[in-house]
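> Here are the chains, one letter per residue:
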Amino acid sequence: MLLIHCPYCDETLPEAEFAYAGEAHVARPLDPSSTSDEEWRDFLFIRSNVKGDHFERWRHAHGCGRFFNAVRDTVSDRFLTTYKAGAPRPDLTALKDAAE
Amino acid sequence: MTDFRVPGRGRVDHDRPVKFRFDGETIHGLSGDTVASALLAQGRHLMGRSFKYHRPRGPVAAGSEEPNALIGTSRGRGRFEPNTRATVQEIFPGLKATSQNKYPSLKFDIGAVNDRAYMLFSAGFYYKTFMWPRSFWDRVYEPFIRAAAGLGVSPDKVDPDHYASRNLHTDVLVVGAGPAGLAAARTAAEAGLRVTLVDENAEVGGTLLSEPQAMIGGQAAWDWVAAELAALEALGVRVMTRTTAIGYYHQNMVGLCQKLTDHLETPNPDMPRERLWRVRASQVVLAQGALEKPLVFDGNDRPGVMLAGSAQTFLNRYGVRVGDRAVVVTSHDSAWYAAFDLADAGTRIAAIVDTRVEPRPDLMAEAAARRIKVLAGHTVSGTAGRLRVKSVRVNRVSGGTVGFGRQIDCDCLLMSGGWTPSLHLFSHTKGSLKWNETQNTFLPDHVTEACQIAGAGRGLWGIGAALNDGAAMGAAAARALGREAEVGTTDVGNDRPGTGTSHTELPTDRSAARARAFVDFQNDVTAKDLRLAVREGMRSIEHVKRYTTNGMATDQGKMSNINGLNIAADALGKPAPQVGLTTFRPPYTPTTFGAFAGYHRGTHFEATRKTPIDGWAEENGAVFEPVSQWRRAWYFPRKGESMDDAVLRECRTTRESVGMFDASTLGKIEVVGPDAVEFMNRMYTNPWTKLQPGRARYGLLLGDDGFIRDDGVIGRLSDDRFHVTTTTGGAARVLNMMEDYLQTEWPDLKVWLTSTTEQWATIALNGPNARKLLEPFVEGLDISPEAFPHMAVGECTVAGIPARLFRVSFTGELGFEVNIPARHGRALWETLFAAGQAFDICTYGTETMHVLRAEKGYIIVGQDTDGTVTPQDAGIGWAIGKAKPDFVGKRALQRPDLVAEGRKQLVGLLTADGATRLEEGAQIVLDPKQPVPMKMVGHVTSSYRSVAAGRPIALALLEGGHARMGETVHIPMPHGVVAATVTGTVFHDPEGARLKL
Numbered sequence: 001m002l003l004i005h006c007p008y009c010d011e012t013l014p015e016a017e018f019a020y021a022g023e024a025h026v027a028r029p030l031d032p033s034s035t036s037d038e039e040w041r042d043f044l045f046i047r048s049n050v051k052g053d054h055f056e057r058w059r060h061a062h063g064c065g066r067f068f069n070a071v072r073d074t075v076s077d078r079f080l081t082t083y084k085a086g087a088p089r090p091d092l093t094a095l096k097d098a099a100e
Numbered sequence: 001m002t003d004f005r006v007p008g009r010g011r012v013d014h015d016r017p018v019k020f021r022f023d024g025e026t027i028h029g030l031s032g033d034t035v036a037s038a039l040l041a042q043g044r045h046l047m048g049r050s051f052k053y054h055r056p057r058g059p060v061a062a063g064s065e066e067p068n069a070l071i072g073t074s075r076g077r078g079r080f081e082p083n084t085r086a087t088v089q090e091i092f093p094g095l096k097a098t099s100q101n102k103y104p105s106l107k108f109d110i111g112a113v114n115d116r117a118y119m120l121f122s123a124g125f126y127y128k129t130f131m132w133p134r135s136f137w138d139r140v141y142e143p144f145i146r147a148a149a150g151l152g153v154s155p156d157k158v159d160p161d162h163y164a165s166r167n168l169h170t171d172v173l174v175v176g177a178g179p180a181g182l183a184a185a186r187t188a189a190e191a192g193l194r195v196t197l198v199d200e201n202a203e204v205g206g207t208l209l210s211e212p213q214a215m216i217g218g219q220a221a222w223d224w225v226a227a228e229l230a231a232l233e234a235l236g237v238r239v240m241t242r243t244t245a246i247g248y249y250h251q252n253m254v255g256l257c258q259k260l261t262d263h264l265e266t267p268n269p270d271m272p273r274e275r276l277w278r279v280r281a282s283q284v285v286l287a288q289g290a291l292e293k294p295l296v297f298d299g300n301d302r303p304g305v306m307l308a309g310s311a312q313t314f315l316n317r318y319g320v321r322v323g324d325r326a327v328v329v330t331s332h333d334s335a336w337y338a339a340f341d342l343a344d345a346g347t348r349i350a351a352i353v354d355t356r357v358e359p360r361p362d363l364m365a366e367a368a369a370r371r372i373k374v375l376a377g378h379t380v381s382g383t384a385g386r387l388r389v390k391s392v393r394v395n396r397v398s399g400g401t402v403g404f405g406r407q408i409d410c411d412c413l414l415m416s417g418g419w420t421p422s423l424h425l426f427s428h429t430k431g432s433l434k435w436n437e438t439q440n441t442f443l444p445d446h447v448t449e450a451c452q453i454a455g456a457g458r459g460l461w462g463i464g465a466a467l468n469d470g471a472a473m474g475a476a477a478a479r480a481l482g483r484e485a486e487v488g489t490t491d492v493g494n495d496r497p498g499t500g501t502s503h504t505e506l507p508t509d510r511s512a513a514r515a516r517a518f519v520d521f522q523n524d525v526t527a528k529d530l531r532l533a534v535r536e537g538m539r540s541i542e543h544v545k546r547y548t549t550n551g552m553a554t555d556q557g558k559m560s561n562i563n564g565l566n567i568a569a570d571a572l573g574k575p576a577p578q579v580g581l582t583t584f585r586p587p588y589t590p591t592t593f594g595a596f597a598g599y600h601r602g603t604h605f606e607a608t609r610k611t612p613i614d615g616w617a618e619e620n621g622a623v624f625e626p627v628s629q630w631r632r633a634w635y636f637p638r639k640g641e642s643m644d645d646a647v648l649r650e651c652r653t654t655r656e657s658v659g660m661f662d663a664s665t666l667g668k669i670e671v672v673g674p675d676a677v678e679f680m681n682r683m684y685t686n687p688w689t690k691l692q693p694g695r696a697r698y699g700l701l702l703g704d705d706g707f708i709r710d711d712g713v714i715g716r717l718s719d720d721r722f723h724v725t726t727t728t729g730g731a732a733r734v735l736n737m738m739e740d741y742l743q744t745e746w747p748d749l750k751v752w753l754t755s756t757t758e759q760w761a762t763i764a765l766n767g768p769n770a771r772k773l774l775e776p777f778v779e780g781l782d783i784s785p786e787a788f789p790h791m792a793v794g795e796c797t798v799a800g801i802p803a804r805l806f807r808v809s810f811t812g813e814l815g816f817e818v819n820i821p822a823r824h825g826r827a828l829w830e831t832l833f834a835a836g837q838a839f840d841i842c843t844y845g846t847e848t849m850h851v852l853r854a855e856k857g858y859i860i861v862g863q864d865t866d867g868t869v870t871p872q873d874a875g876i877g878w879a880i881g882k883a884k885p886d887f888v889g890k891r892a893l894q895r896p897d898l899v900a901e902g903r904k905q906l907v908g909l910l911t912a913d914g915a916t917r918l919e920e921g922a923q924i925v926l927d928p929k930q931p932v933p934m935k936m937v938g939h940v941t942s943s944y945r946s947v948a949a950g951r952p953i954a955l956a957l958l959e960g961g962h963a964r965m966g967e968t969v970h971i972p973m974p975h976g977v978v979a980a981t982v983t984g985t986v987f988h989d990p991e992g993a994r995l996k997l
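Protein sequence lines correspond, in order, to chains Y and H. Numbering-wise, the first sequence is residues 1 to 100 according to full-length UniProt numbering. Numbering-wise, the second sequence is residues 1 to 997 according to full-length UniProt numbering.
Chain Y extracted, bound-state conformation (with noise of 0.2 Å):
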């Protein structure tokens, strides 16, 4: 079982807690109407499927009820970060040279 922070409580809790909410920084079109046909079958279906470090949402849904990101490596499921909902994706390189 997987331990989770949740950058809202400040607290590492177990995945239990955590529902998983599907890939981060998928932006829903701010006018839905002005996007081709295209673009919203890319919303809504085509996701990236890394094999590695994969940005996604949790829910913090037994606990706070927040969203939250995280970046997680879909190889060692190891999470490198979470970060709350709206923040910047992350500096990876400055992440994995501070753990190193």
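One or more of the hints may lead you astray.
[Stated by the list, open to error] In silico DSS-like cross-links for lysine-lysine, where the CA-CA straight-line distance does not exceed 27 Å:
id, chain 1, residue 1, chain 2, residue 2
1, H, K772, H, K996
2, H, K430, Y, K96
3, Y, K51, H, K430
Bear in mind the hints are in silico, worked out from the structure with no lab data behind them. Just so it is clear, the structure is predicted and the values come from calculations on it, not from any experiment.
Here the structure of chain Y is known, so what remains is to put chain H in place on it, guided by the hints.
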């Protein structure tokens, strides 16, 4: 009786005899025995029959890796367990053990005919026998193989034991309490850390229990173990025996299964049988030691053929000689010591057969001193004996040529093919392994978790090496946690380090094609099977494993994996590291379902949610059905009524007078805030801006893919407050979806969402007399038709209880839904029920609710829709606020596929004969005479007998359904094809006049 027990020897208590039963016979053992050691003490090796061939088998090992000696154990009614290893089950008075996989008896077994038909069961026999003719699949192959192959029988009673679950946080978890584990725990504990030490055995000590000759720091091994244990306890180390680390999971979580009562005669009934521990450790030290490898030769599975190290364990730990006349065959030094110990205890060693040409001189000298014949540079090419090995065939090997075989009589054959580090838990972490040429085995390489591997687990051999490495790794764990740790060196005398070589099959002068040389004893896989798999095209070790089932039995290949790999690599002509090892998966040893289930059984398996009115329904004979986690009243049968009778009566009463329904399970979400109306406009398809406070509207929720997610009636209580209802099963999903959009897409909106499902009890009154019944109880609100029309909402009191009252109908009749604080739910229900007697009121359940709504064509999301249905498909396009610039799902409704012709659309169906009720889920075809497989164009989603329609009615999703009105479609069913006419979805009061009463 105890011919093979050595007086005074071992850790068993010679003054405490214990009687138990094996196959109905009374067996006399000693306190501290396992079933296997007690039987061996009587000279009995035969303990079971093998999986496929029903070959006679005895224990080949002495611990949890045992593949052969599997027994059923019975500890009283309901307490039967199959496939327990006889080498692990401790005996106690009253234990009943039985051998398995034999008929009529262990000594004479009819299934052993399989052994002669072994060609049928070669590698991939499943794939080869399950061929044509098709009629044989069910009638011949399946029953034949089911009956012929298998292990123990499943228990057939409810398990009366209970099981516990615990969490544990510890600084250092040490797995394995042999010399390395004990030393690691001591070092880490002395560094001031919280340490937990676990071992699967009944007592700590590991290999030291089998090597009492060792002198550690001047102390005899067993005295040292006792002193260490006392020291650990004084340091506060949590020591857990009979506790197996079954799996190593992410971020240093290790699962432990602790067995508490399986060894007790009269356990405290309040005690759990087993406890599952979820341990989160800052550092883990794996000190699991190594497992001995068998040698692969013809007849290596006969009872009496055993691992040399296990024979040494039976002697030194249990005081049992495994035979009177032993032959030892080995490619490793360790087996020599087993031979010496047995010789010193009175067993005649007929010969030590070493495959190596020049064994170690000091071992040769010790053998000579005991007058043991040594056959160096020899091989074993076969064994003889039916229920017990009688003799072994030995040949000289010189220059690659196998000489003439000669026979040596024996009653046991002790083998050693060297040792394999036990790296199962390490493999669970995806830690990588590296092939070691000199040891011819895999050793741990890249470590992925905060973990140290100590002792034999990383290829160090001998007690001294393991013990000092354990101390070093305990110190490494301590330093990783920021502690100072001192490591000295402990001197170990009478140590028995050694080396060896490795083999595939032992060389033989006989035909390899006829050899029954077993690699996986439990799944009956031979060396020939592995080579056959490679010849038949299996290239990957993973394919070889699955095709032959090598390493796939309950022992997970603890003894067979490396031999299997070496033979497969040889057959493939590749070096072993290129072929690689298959993956070990949890659990390390078979674990009961009870341990995993823990407290989550029976009524605790899942929460049952009950409404405030549930107790009344139960007292009044309701039949219940589960709806998500809720238990809901399904129907209220009167004496002698069938379900159909009850539902027809409930429907009739509700349409003719008044019916009362517990709608408390409806999901309820309070949407509040200055931006509440904007939020509702964005979430739901409908326009909300012009909905006045005091009015309600049917709300439709889509996903951004345009498909229907949920629906429900939504009332506006004030400018900034909405009372949203959702489907019973969808409440949590809808709130999650709302929170998602609110928090991440529109964080600027000032809106607060609160689940109020369980705060309100909801009573629905439906029928032409509903107002007459309700009106006298209402204060503070005029509910006359003019003042409180259909889809009105207001706050008032009902029978003195503050209420939110909706005029809303899910039946097509005049209807009200009274929401009151949950604690008043039952009181109001009873008040209304008593007053309703004047109107012959009935209570109705979910079935009648389903029928009444279907008669009106009201959909149930999830029953009449399936996640691919748009509002247009469902015929509720009117609920879309087309003028709104955006709402969730709006853009998707313009996608080409969602506006294409021929989509499945919701229609009504009336069977042509006016009497047949269709089955929900039945498929629909246009031409019933087309060849099979027919083109299916839709399915029946709802189907009921209908009083109002006077015939059965159905709803269906049908391709291009809206354009097929009046057409006939066909529903093929097992008893014949049913014809039905396509209609609209409203079967009752299409003008909606009854809603306006």
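> None of the hints should be skipped; say for each whether it holds.
Structure-based check of each hint:
Between H/K772 and H/K996 the CA atoms are separated by roughly 14 Å; this keeps the pair inside 27 Å, and the hint holds. A threshold of 27 Å between alpha carbons decides the hint, and for H/K430 with Y/K96 the separation of about 21 Å falls inside it, so the pair holds. Distance check on the hinted pair: Y/K51 and H/K430 sit about 16 Å apart at the alpha-carbon level, within 27 Å; holds.
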